[in-house]
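Chains A and B are the protein sequences, given in the same order. Numbering-wise (our numbering), the first sequence opens with residue -11 and increments by one. Numbering-wise (our numbering), the second sequence opens with residue -11 and increments by one.
Worth flagging that the hints you see were computed from the coordinates, not collected in a lab. Since the model is a prediction, treat every value here as computed from it, not as a measurement. Please note that the accuracy of each hint is not assured.
Pairs involving identical chains hold if they fit within one copy or between any two copies, as the list cannot separate such chains.
[Stated by the list, open to error] Computed list of lysine to aspartate or glutamate pairs in EDC-like fashion (alpha-carbon distance at most 20 angstroms, straight line):
hint, residue 1, residue 2
1, K119, D367
2, K65, E376
3, K157, D111
4, K70, D88
5, K114, D393
6, K410, D333
7, K372, D111
8, K410, E332
9, K260, E13
10, K366, D113
11, K94, E386
12, K271, D393
13, K65, D367
14, K30, E389
15, K366, E133
Protein chains: 2
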Amino acid sequence: MDFGINNFFDKKHKESKIGHFQDLEHIDGVSISTISCGLYNKKRDDLVLFYFRGGANYANVYTQSTLVSENIKWNRKIKDKKIYGILINTRNANALTGNDGYNSLKKISLNISKLLTAKQIEDEDKPREIKPNQILFACTGTIGEKFPVNAILNNTKNLVDKIKYNQNKLIWIKAALGIMTTDTKPKLSMAECKIGGSNVKIYGVAKGSGMIFPNMATTLGFIFTDANISSSILKQILNLNIKTTFNAITCDGDTSTNDMVSIFSTGSANNKEIKSFKDPKLKQFINSVHQVMLNLAKRVASDGEGATKFVTIKCLNSKTEKDAKNICFSIANSPLVKTAIFGEDPNWGRIAMAIGKSGATLKYEKLSILMGSKIILKDGKLDKNYNEAILSDYMKNENIEITIDLSIGSKNFTAYTMDLSKEYIDINSDYRS
Amino acid sequence: MDFGINNFFDKKHKESKIGHFQDLEHIDGVSISTISCGLYNKKRDDLVLFYFRGGANYANVYTQSTLVSENIKWNRKIKDKKIYGILINTRNANALTGNDGYNSLKKISLNISKLLTAKQIEDEDKPREIKPNQILFACTGTIGEKFPVNAILNNTKNLVDKIKYNQNKLIWIKAALGIMTTDTKPKLSMAECKIGGSNVKIYGVAKGSGMIFPNMATTLGFIFTDANISSSILKQILNLNIKTTFNAITCDGDTSTNDMVSIFSTGSANNKEIKSFKDPKLKQFINSVHQVMLNLAKRVASDGEGATKFVTIKCLNSKTEKDAKNICFSIANSPLVKTAIFGEDPNWGRIAMAIGKSGATLKYEKLSILMGSKIILKDGKLDKNYNEAILSDYMKNENIEITIDLSIGSKNFTAYTMDLSKEYIDINSDYRS
C-alpha cells in the first residue's frame, strides 16, 4: 500500500466500486494534526488528533462486544458536556491490556490536555483550561499487545505543534489515511444542508476493513459538523442513523472490541438553536448525516479485506425488521455465498440455504429471489424466464445486488458486504497482520 | 480425488488428523449396494442403498433450517414402525425443487419398493411386501437444480441386483465413498459393547465437508446396530448424543437444508428387550453410540473443506451451557481466528474478540485463555510465563486445542472445527463445486 498522499488525488485511488470519494475542505472549529510515532515498521502516519478549539458537542456509539477496549472504557466515563479533542492511534487496539492499557490513556490525556491548554493560552482570546477528561480516544490494531504509551507520549508535542486551524482536502485525506489499518483506500464523505436558514456542513471519515460486523456500532467513523446542535439531539440522530448505515455492513461477521462511531458539532454555523429532535427544521440535517454515514459505511464494506465485489442485500416485505435483518446478514456472512460471488457463480441455492438457516419466518410458496433485476425464484417456483447464462453474465459485475422478497409483511432491511477471496486469507493468515 | 477403493486401505488414506478409520465388517440384517448413475462427470458411485431385509427400528434428526429439502419432507411423513431401506444420492440436494422434487421421490420409492418386494419373494422364507413409505431418502449436493429422477430410476434395478447380504470392509468403504461430495476422506467408525449379556455392534458412516454448522443435526450420518432396541428408545439415544457430537462441529457456519443423522437397529443381536431409556443395562450402549457418533463428527470437521488443521475448542466453567456453546461456536466460526490458525499465528487477541462478540456472560478478571497446555491469559492478566515463541511453535501442530475458562459457573461445552485456508476459497469459488 502506497501512502504517498498525492496518489489519492489520482482517479485510480479516488475511484471505488461505490464511486469517487468527495473532497472535504474547511469546517469551522475543527483542527487536524497527523504524525508518525513509528508504530509500524513502514513509514506512515499512525496518530491523528482532531482538536476542537472552541469545544464540541458530541455523541458516540460503541461496540456491543462484552469485551471492550480500554479506550472505550475511558470514553464511557466521560460526562463533560463539551469535549476538546479525540486522539486516534492505529497498530494497537488497547484491548485486553488491562489496567496498564487504561493507565496509559490517563497519562496521554493528562499530557495532551496540558499541551492543548498551553496552545489555548498562546492562540485564543479567551483561553480555556482543557482537562484530561475532555479528550476522547479511539484505538485500532492488534488486540492483546502492550499499548505503546511511550512511543505516543514522545510524539504528542510534535502532534500538537502541527495542528492546523484551516483544513483543506490534503489534510482530510492525511487524517483518513492516518487511521487506516488493512484498508486499501481512505474513506471520506461530505454533505451540506440547511437548518432553518443556515447552511451547515457535515464531514466524515472512517476506517475499517476486517473484523467488521456491526453489533451497534462498528469500525471507526467520525462525523464533524459546524451545526449548532446539542449533544442529546446528536445522540438521537446518531442512534437513528447507525441502524441503517454502520450497523448494516459486514465484512467477515467478526465484531471488534473497539468499534466506535462519533459525531461532533462545533456550532460555528450559528443556526438558531434546535430544541427537539422532532423539530421539522432538523429533517434535512438528519437525512444529510444519514447520507454521510451511509456513504462511509458502504466505503468500509466495499474495501473489506480482499474484496473484489461490493454486494448489496435487500430483504423486502418481512413480518418483522429483525427477520429482514437476520436474513440479510445470514446471506452477507455466509462464506459459501461470499465465495460463490467471488467465483462469479450465480449459485442461488446457497442464498436459499442462508435464508433457511437464518430462522426467519417465511412461507416457501411466497418466497422470491432476485439477482439484480433478474428473477430467479418467484413465489417459491423457478421463474419461467430463469436463464443461468444471463445470471452468470450478471455475476461479472463489480456491484452485485441480491433481493429477497418474503411477501408476508411490510418490513425491509438492506445490508452491505463484499465477497470472500483468497486475498482475505492472505491478509489474515499473515503472521500478525 | 481418487476414488480407487484400494487406495483407502493405504496408510496415507486411512490416516487423518484424528487417527485411522476403523475397518467395519459384518452386521446382521444390514445390506449394502452402491452404483453410479452418472450424476457426476467423473466416474464415481453416487447412489447408495442400505437395505434391511428384516426391517429395522430407526430414529432420525434433521436440520433446523426453515427451508428443508424435499427428501426431509418425505421422511418426516413416514410413520411406519419399521423401515426397510434408505437411499442416498449425491450431486443433487433435492432442495428448493418443489413438487417436482417431491414427486420424484414418490416415483423412486414406488419403484424401489417393488424391486425389493420381488427380492423378498426370491430370497426370504417369509417374504414381506415392502411399501413405498418404508423407504427413507437422504440427498446431498447442489441446491435448486432439477432432481435427476430418470438417471436414478434407470439404475435402481442394477442397484437392487447388486445388494450384498454379507458386508466386509470393502463394501463399507464403498458406501462411505458413495455418499461423499467435496469430502477428501471416507468417514467410518465402529464400537462394540454389551447389552445385558449380549454382544452388540454399532457401525457408522458419515459425509460432510462444507455447509456444516449444526443446528440440531448436521451433514449426513448413518449409524447401524444389531441391537434389539425400540425406535422410541433409539430416538432418545440419538437426541441425547447429537448435542455433543454432530451438533458440536462446524466447518463454515453454514447450515444445510439437508442435514440428517439416522440410527437403525436390526435387532439381530437378540439381546433381551429394553423397556426404558433409563435402564442401566443401556448405559454401555448409549456411550458406545456416542463414541461412534463423536468419532464420525470429528472426522467430518477434520475433513472440512480446505482443512489443514483440526481444532478443538473447550469452554469451561460457564454459567450456562448455552453461553459455553455460544463462546465455542463464536470462536469456531470466526474467519479471523480460523485464518490465524491457518497462518500458524498464535493471535489470541482474535480469540478474545470472538469471546466478546458471543454475548456470553463473563467476568473479565476471571477469564483465562489457553492454547494446548500453555496459559496465555490467567484471571484477565497476561500470564507471567507467556512466551510468544513457544506459542508459535505450538501452532505448527496439526491438532490445535483452545481452552477458555470463564470460572464463573460449572457448565462446559466442546466444539470441533478446522482452519480456513485458501483451498476453501478454491473449492467454493469454483463454478458450481
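These are the hints, each one checked on the structure:
{"no.": "1", "hint": "K119 <-> D367", "result": "neither (62 angstroms within a copy, 34 angstroms between copies)"}
{"no.": "2", "hint": "K65 <-> E376", "result": "neither (56 angstroms within a copy, 33 angstroms between copies)"}
{"no.": "3", "hint": "K157 <-> D111", "result": "neither (24 angstroms within a copy, 87 angstroms between copies)"}
{"no.": "4", "hint": "K70 <-> D88", "result": "neither (27 angstroms within a copy, 66 angstroms between copies)"}
{"no.": "5", "hint": "K114 <-> D393", "result": "neither (59 angstroms within a copy, 55 angstroms between copies)"}
{"no.": "6", "hint": "K410 <-> D333", "result": "both (16 angstroms within a copy, 18 angstroms between copies)"}
{"no.": "7", "hint": "K372 <-> D111", "result": "neither (72 angstroms within a copy, 48 angstroms between copies)"}
{"no.": "8", "hint": "K410 <-> E332", "result": "both (14 angstroms within a copy, 17 angstroms between copies)"}
{"no.": "9", "hint": "K260 <-> E13", "result": "neither (24 angstroms within a copy, 86 angstroms between copies)"}
{"no.": "10", "hint": "K366 <-> D113", "result": "neither (68 angstroms within a copy, 53 angstroms between copies)"}
{"no.": "11", "hint": "K94 <-> E386", "result": "neither (46 angstroms within a copy, 43 angstroms between copies)"}
{"no.": "12", "hint": "K271 <-> D393", "result": "neither (30 angstroms within a copy, 50 angstroms between copies)"}
{"no.": "13", "hint": "K65 <-> D367", "result": "neither (52 angstroms within a copy, 24 angstroms between copies)"}
{"no.": "14", "hint": "K30 <-> E389", "result": "neither (38 angstroms within a copy, 34 angstroms between copies)"}
{"no.": "15", "hint": "K366 <-> E133", "result": "between (52 angstroms within a copy, 15 angstroms between copies)"}
In this structure, the earlier hints numbered 1, 2, 3, 4, 5, 7, 9, 10, 11, 12, 13 and 14 are contradicted, and the remaining ones agree with it.
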